[in-house]
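A.B. asks: The residues making up each chain are set out below.
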Amino acid sequence: TQLLEQSPQFLSIQEGENLTVYCNSSSVFSSLQWYRQEPGEGPVLLVTVVTGGEVKKLKRLTFQFGDARKDSSLHITAAQPGDTGLYLCAGDDAGNNRKLIWGLGTSLAVNP
Amino acid sequence: DTAVSQTPKYLVTQMGNDKSIKCEQNLGHDTMYWYKQDSKKFLKIMFSYNNKELIINETVPNRFSPKSPDKAHLNLHINSLELGDSAVYFCASSQGIGFLTGLTYGYTFGSGTRLTVV
Numbered sequence: 001t002q003l004l005e006q007s008p009q010f011l012s013i014q015e016g017e018n019l020t021v022y023c024n025s026s027s028v029f030s031s032l033q034w035y036r037q038e039p040g041e042g043p044v045l046l047v048t049v050v051t052g053g054e055v056k057k058l059k060r061l062t063f064q065f066g067d068a069r070k071d072s073s074l075h076i077t078a079a080q081p082g083d084t085g086l087y088l089c090a091g092d093d094a095g096n097n098r099k100l101i102w103g104l105g106t107s108l109a110v111n112p
Numbered sequence: 001d002t003a004v005s006q007t008p009k010y011l012v013t014q015m016g017n018d019k020s021i022k023c024e025q026n027l028g029h030d031t032m033y034w035y036k037q038d039s040k041k042f043l044k045i046m047f048s049y050n051n052k053e054l055i056i057n058e059t060v061p062n063r064f065s066p067k068s069p070d071k072a073h074l075n076l077h078i079n080s081l082e083l084g085d086s087a088v089y090f091c092a093s094s095q096g097i098g099f100l101t102g103l104t105y106g107y108t109f110g111s112g113t114r115l116t117v118v
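Residue numbers (the working numbering), protein chains in the order written: chain A, 1 to 112; chain B, 1 to 118.
Source of the hints: derived by calculation from the structure; they are not laboratory data.
The model shown is predicted, which means the values in this text are computed figures rather than measured ones.
Built from N, CA and C at the ideal position, the CB exists for glycine as well.
Mixed in with the good hints, there may be bad ones.
Distance condition first, Cα-Cα at most 16 angstroms in a straight line; then the derived EDC-like pairs of lysine to aspartate or glutamate [claimed, not checked]:
{"id": "1", "chain 1": "B", "residue 1": "Lys-40", "chain 2": "A", "residue 2": "Glu-17"}
{"id": "2", "chain 1": "B", "residue 1": "Lys-44", "chain 2": "A", "residue 2": "Asp-93"}
{"id": "3", "chain 1": "B", "residue 1": "Lys-41", "chain 2": "A", "residue 2": "Glu-41"}
{"id": "4", "chain 1": "B", "residue 1": "Lys-40", "chain 2": "A", "residue 2": "Asp-67"}
{"id": "5", "chain 1": "A", "residue 1": "Lys-56", "chain 2": "A", "residue 2": "Glu-41"}
{"id": "6", "chain 1": "B", "residue 1": "Lys-36", "chain 2": "B", "residue 2": "Glu-53"}
{"id": "7", "chain 1": "B", "residue 1": "Lys-9", "chain 2": "A", "residue 2": "Glu-41"}
{"id": "8", "chain 1": "B", "residue 1": "Lys-36", "chain 2": "A", "residue 2": "Asp-93"}
{"id": "9", "chain 1": "B", "residue 1": "Lys-9", "chain 2": "B", "residue 2": "Glu-24"}
{"id": "10", "chain 1": "B", "residue 1": "Lys-67", "chain 2": "B", "residue 2": "Glu-82"}
{"id": "11", "chain 1": "B", "residue 1": "Lys-41", "chain 2": "A", "residue 2": "Asp-67"}
{"id": "12", "chain 1": "A", "residue 1": "Lys-99", "chain 2": "B", "residue 2": "Asp-85"}
{"id": "13", "chain 1": "B", "residue 1": "Lys-41", "chain 2": "A", "residue 2": "Glu-5"}
{"id": "14", "chain 1": "B", "residue 1": "Lys-67", "chain 2": "B", "residue 2": "Asp-18"}
{"id": "15", "chain 1": "B", "residue 1": "Lys-40", "chain 2": "B", "residue 2": "Asp-70"}
{"id": "16", "chain 1": "B", "residue 1": "Lys-9", "chain 2": "A", "residue 2": "Glu-38"}
{"id": "17", "chain 1": "B", "residue 1": "Lys-36", "chain 2": "B", "residue 2": "Asp-1"}
{"id": "18", "chain 1": "B", "residue 1": "Lys-44", "chain 2": "B", "residue 2": "Glu-24"}
{"id": "19", "chain 1": "B", "residue 1": "Lys-19", "chain 2": "B", "residue 2": "Asp-85"}
{"id": "20", "chain 1": "B", "residue 1": "Lys-67", "chain 2": "B", "residue 2": "Asp-1"}
{"id": "21", "chain 1": "A", "residue 1": "Lys-70", "chain 2": "A", "residue 2": "Asp-93"}
Restraint-style ranges between C-beta atoms, simulated for each label pair [unchecked claim]:
{"id": "22", "chain 1": "A", "residue 1": "Ala-78", "chain 2": "B", "residue 2": "Val-60", "range": "39 to 45 angstroms"}
{"id": "23", "chain 1": "A", "residue 1": "Ser-12", "chain 2": "B", "residue 2": "Val-12", "range": "41 to 47 angstroms"}
{"id": "24", "chain 1": "A", "residue 1": "Asn-18", "chain 2": "B", "residue 2": "Gln-14", "range": "47 to 53 angstroms"}
{"id": "25", "chain 1": "B", "residue 1": "Ser-80", "chain 2": "A", "residue 2": "Leu-58", "range": "22 to 28 angstroms"}
{"id": "26", "chain 1": "B", "residue 1": "Thr-7", "chain 2": "A", "residue 2": "Glu-17", "range": "36 to 42 angstroms"}
{"id": "27", "chain 1": "B", "residue 1": "Thr-13", "chain 2": "A", "residue 2": "Gln-14", "range": "26 to 32 angstroms"}
{"id": "28", "chain 1": "B", "residue 1": "Pro-61", "chain 2": "A", "residue 2": "Gly-16", "range": "31 to 37 angstroms"}
A short list of chain B residues far from chain A (calculated; beta carbon distances all over 12 angstroms) [what the hints assert, rightly or not]:
{"id": "29", "residue": "Lys-9"}
{"id": "30", "residue": "Thr-13"}
{"id": "31", "residue": "Asp-38"}
{"id": "32", "residue": "Lys-40"}
{"id": "33", "residue": "Glu-58"}
{"id": "34", "residue": "Pro-61"}
{"id": "35", "residue": "Asn-62"}
{"id": "36", "residue": "Ser-65"}
{"id": "37", "residue": "Ser-68"}
{"id": "38", "residue": "Pro-69"}
{"id": "39", "residue": "Asn-75"}
{"id": "40", "residue": "Glu-82"}
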C-alpha cells in the first residue's frame, strides 16, 4: 500500500518553541490535506492545499505545498500544549483510483 | 451539535461473536465512509457510501458488511470476529456528491469505536 512518509515520527518540545513537520512522497498529488488527531478522537481537518507552492496560514500554523506537489510541510510557531496531537497528511493521488493516500503521522507533544 | 456520531465508543467482545457499530451524521453530507485505524495509526478506507449506494469497497473480509438505511446513517456489522479485527473504527462523511468530494472538501470524522477482540 502506498504511503506518504511523514517526519519526524515523534516530536517532543517545550511550549514556545517552533517546529516543522514534513510529508513527502514520490507521487504527485492533486491536493493534500492536513489533519490533527487528539487521543480518543477522530482526525480533524486543518487545511487543504491544492496549488504547487501554495502557502496557507491558520493562526500559528503555516502549511506549504511543494512546487512539484509531491511534498508538504507544516510549521508551528510558538507551540502551545493545545497543539499536542497526531498530525496526519493525506494526498489525493489522482492515478490511484482517486483515493486518499495517508501518512502514518507525526506525534507531537508540547510540554508546558 | 452538528457532527458525526458513532456508537459504541468502546467494544470488547470474544472471538467468534457478531457485533455492530452505528454511525449517524447530521451535517447533510451525501457521502459516508468507514475507516480502520490500526495500532500504528495507519488509516485505511474500508467502505464508502454515496446516498445509500456503495461506491467504494476495499479489500475487506466479507465478514464486514456495511448497511446504509438512509444517507444520514451508515452502520458496520462484523461477523465472526477475529483477534486481528481489533482496531479503532472511524465513521466519516464528506459534502457533495460522490467519493471525490472527500478529496476536495475533506472528511468529518466521528470520534471512533475502539474494538477489542479477546
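A.B. asks: State for each hint whether it applies.
C.D. replies: Here is how each hint holds up against the structure:
Pair hint B/Lys-40 plus A/Glu-17 does not hold up; C-alpha atoms about 27 angstroms apart against a cutoff of 16 angstroms. The straight-line distance between the Cα atoms of B/Lys-44 and A/Asp-93 is roughly 15 angstroms, inside the 16 angstroms bound, and the hint therefore holds. Simply put, B/Lys-41 and A/Glu-41 have alpha-carbon atoms about 12 angstroms apart, close enough for the 16 angstroms limit, and the pair holds. With a CA separation close to 30 angstroms, the supplied pair B/Lys-40 and A/Asp-67 exceeds the 16 angstroms bound.
A threshold of 16 angstroms between alpha carbons decides the hint, and for A/Lys-56 with A/Glu-41 the separation of about 25 angstroms lies outside it, so the pair is violated. Between the alpha carbons of B/Lys-36 and B/Glu-53 the distance comes to roughly 20 angstroms, so the proposed pair goes past 16 angstroms and is violated. With a CA separation close to 10 angstroms, the supplied pair B/Lys-9 and A/Glu-41 stays within the 16 angstroms bound. Proposed proximity of B/Lys-36 and A/Asp-93 is contradicted: the alpha carbons are some 20 angstroms apart, above 16 angstroms.
A C-alpha spacing of about 13 angstroms is found between B/Lys-9 and B/Glu-24, which places the hinted pair at or below 16 angstroms, so the restraint holds. Under the criterion of a C-alpha separation no larger than 16 angstroms, the hint pairing B/Lys-67 with B/Glu-82 is inconsistent with the structure, at around 20 angstroms. For the hint linking B/Lys-41 to A/Asp-67, the alpha-carbon distance of about 28 angstroms lies beyond 16 angstroms, and the restraint is violated. For the given pair, A/Lys-99 sits about 23 angstroms from B/Asp-85 by alpha-carbon distance, which is inconsistent with the 16 angstroms threshold.
Between the alpha carbons of B/Lys-41 and A/Glu-5 the distance comes to roughly 13 angstroms, so the proposed pair stays at or under 16 angstroms and holds. Simply put, B/Lys-67 and B/Asp-18 have alpha-carbon atoms about 15 angstroms apart, close enough for the 16 angstroms limit, and the pair holds. Pair hint B/Lys-40 plus B/Asp-70 does not hold up; C-alpha atoms about 33 angstroms apart against a cutoff of 16 angstroms. Of the pairs offered as hints, the one joining B/Lys-9 and A/Glu-38 holds, with about 15 angstroms between alpha carbons and a cut-off of 16 angstroms not exceeded.
Straight-line distance between C-alpha atoms of B/Lys-36 and B/Asp-1 comes to about 25 angstroms, which puts the hinted pair past the 16 angstroms bound. Distance check on the hinted pair: B/Lys-44 and B/Glu-24 sit about 20 angstroms apart at the alpha-carbon level, beyond 16 angstroms; violated. Annotation: proposed proximity of B/Lys-19 to B/Asp-85 holds, straight-line Cα distance about 11 angstroms (limit 16 angstroms). A hinted pair counts as satisfied when its Cα atoms are at most 16 angstroms apart, and B/Lys-67 with B/Asp-1 does not qualify at roughly 24 angstroms.
Taking the CA atoms of A/Lys-70 and A/Asp-93, the gap is near 10 angstroms; set against the 16 angstroms cutoff, the hint holds. The beta-carbon spacing between A/Ala-78 and B/Val-60, approximately 43 angstroms, falls within the hinted interval of 39 to 45 angstroms. Restraint check, A/Ser-12 to B/Val-12: a C-beta distance of roughly 31 angstroms breaks the suggested window 41 to 47 angstroms. Taken as a hint, the range 47 to 53 angstroms holds for the pair A/Asn-18 and B/Gln-14, whose Cβ atoms sit roughly 49 angstroms apart.
Our hint of 22 to 28 angstroms for B/Ser-80 and A/Leu-58 is violated, since their Cβ atoms are close to 44 angstroms apart. A hinted range of 36 to 42 angstroms for the beta carbons of B/Thr-7 and A/Glu-17 is consistent with their spacing of about 39 angstroms. Range check, B/Thr-13 to A/Gln-14: about 42 angstroms between beta-carbon atoms, so the 26 to 32 angstroms window is missed. The beta-carbon spacing between B/Pro-61 and A/Gly-16, approximately 48 angstroms, falls outside the hinted interval of 31 to 37 angstroms.
With a closest Cβ-Cβ approach of about 8 angstroms to chain A, B/Lys-9 is found to fall inside the 12 angstroms limit, against its non-interface label. Interface exclusion of B/Thr-13 from chain A stands, the closest Cβ pair being 20 angstroms apart, more than 12 angstroms. Taking the minimum C-beta to C-beta distance to chain A, about 10 angstroms, the non-interface status of B/Asp-38 is violated against the 12 angstroms cut. With a least beta-carbon separation of about 6 angstroms from chain A, B/Lys-40 fails to lie farther than 12 angstroms from that chain, contradicting its non-interface assignment.
Its closest Cβ contact with chain A, about 9 angstroms, brings B/Glu-58 to no more than 12 angstroms, contrary to its assignment away from the interface. No Cβ of chain A comes within 12 angstroms of the Cβ of B/Pro-61; the nearest lies about 16 angstroms off, and the non-interface call holds. Look at B/Asn-62: its CB is around 20 angstroms from the nearest CB on chain A, clear of 12 angstroms, so calling it non-interface holds up. Chain A leaves B/Ser-65 outside its interface by the beta-carbon criterion, the shortest separation being 21 angstroms against a cut-off of 12 angstroms.
Separation of B/Ser-68 from chain A is adequate, the least Cβ-Cβ distance of about 19 angstroms exceeding the 12 angstroms criterion. With a least beta-carbon separation of about 22 angstroms from chain A, B/Pro-69 lies farther than 12 angstroms from that chain, consistent with its non-interface assignment. Once the 12 angstroms rule is applied to beta carbons, B/Asn-75 is consistent with being away from chain A; the minimum gap is 17 angstroms. Against the 12 angstroms criterion, B/Glu-82 stays outside the reach of chain A, whose nearest CB is about 20 angstroms from its own CB.
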